[in-house]
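Now for the letters of each chain:
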Amino acid sequence: AAGVIQSPRHLIKEKRETATLKCYPIPRHDTVYWYQQGPGQDPQFLISFYEKMQSDKGSIPDRFSAQQFSDYHSELNMSSLELGDSALYFCASSRLEAETQYFGPGTRLLVL
Amino acid sequence: SQQGEEDPQALSIQEGENATMNCSYKTSINNLQWYRQNSGRGLVHLILIRSNEREKHSGRLRVTLDTSKKSSSLLITASRAADTASYFCATAPLRFGMRFGAGTRLTVKP
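Going line by line, the protein sequences match chains L and R. Positions in the first sequence are counted from 1; adding 148 to them yields the numbering used here. Positions in the second sequence are counted from 1; adding 24 to them yields the numbering used here.
Just so you know, nobody snuck in bad clues.
List time: in silico EDC-like cross-link candidates among lysine to aspartate or glutamate, alpha-carbon distance up to 20 angstroms:
| no. | chain 1 | residue 1 | chain 2 | residue 2 |
| --- | --- | --- | --- | --- |
| 1 | R | K50 | L | D204 |
| 2 | R | K50 | L | E247 |
| 3 | R | K50 | L | D190 |
| 4 | R | K80 | L | E247 |
| 5 | L | K200 | L | D178 |
| 6 | L | K170 | L | D233 |
| 7 | L | K170 | L | D210 |
| 8 | L | K205 | L | D190 |
| 9 | R | K133 | R | E39 |
Hint data in this document are derived by calculation from the structure and do not stem from the laboratory.
Throw the hints in and build the complete structure from the sequences for me.
Set out below in structure tokens:
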């Protein structure tokens, strides 16, 4: 079965640079979620989109923004990167009227 | 926000033994979900239990939910070395982000 696709899988950036992470949800899933997981920490919810509209907002820094496109894929844009942004970034998707969120393999971001 | 808190934080058992992990949450819920995460990998959905359910089984997994105590437990029977992972409980309304607890790190020794 098709799963959530995230790209890139690994990314190395310098401080103050920008990064864009992409997420392709499972086909026919209409909701996308972004999570951040620092080393040794639990996943923290950042933001979610349903039918291209923001549906929920968590602890997303103002330096980050995200959107969902007409084909339901989503992009997380991160600017003015800081060392503390080094983490695993997960995308998850769910389909209409279903609570279960299915996670992608994650993007490992390292900020030097 | 609703957040699950796992107990214990770490658990080490021998292969073949049962492992029990507990989770507590703070607010009313529609459902509670359990996820597994192998080190540095993605989260894998294990089981979802709805607020009107008290117990649910899936293979070697048994989940209970006590809404009066705002707690849930995950039992893994006849554990295997491949069960070594971190286990999280999480809650979220439909289309809302999930709030995870600290997780239980389970080690199953061969």
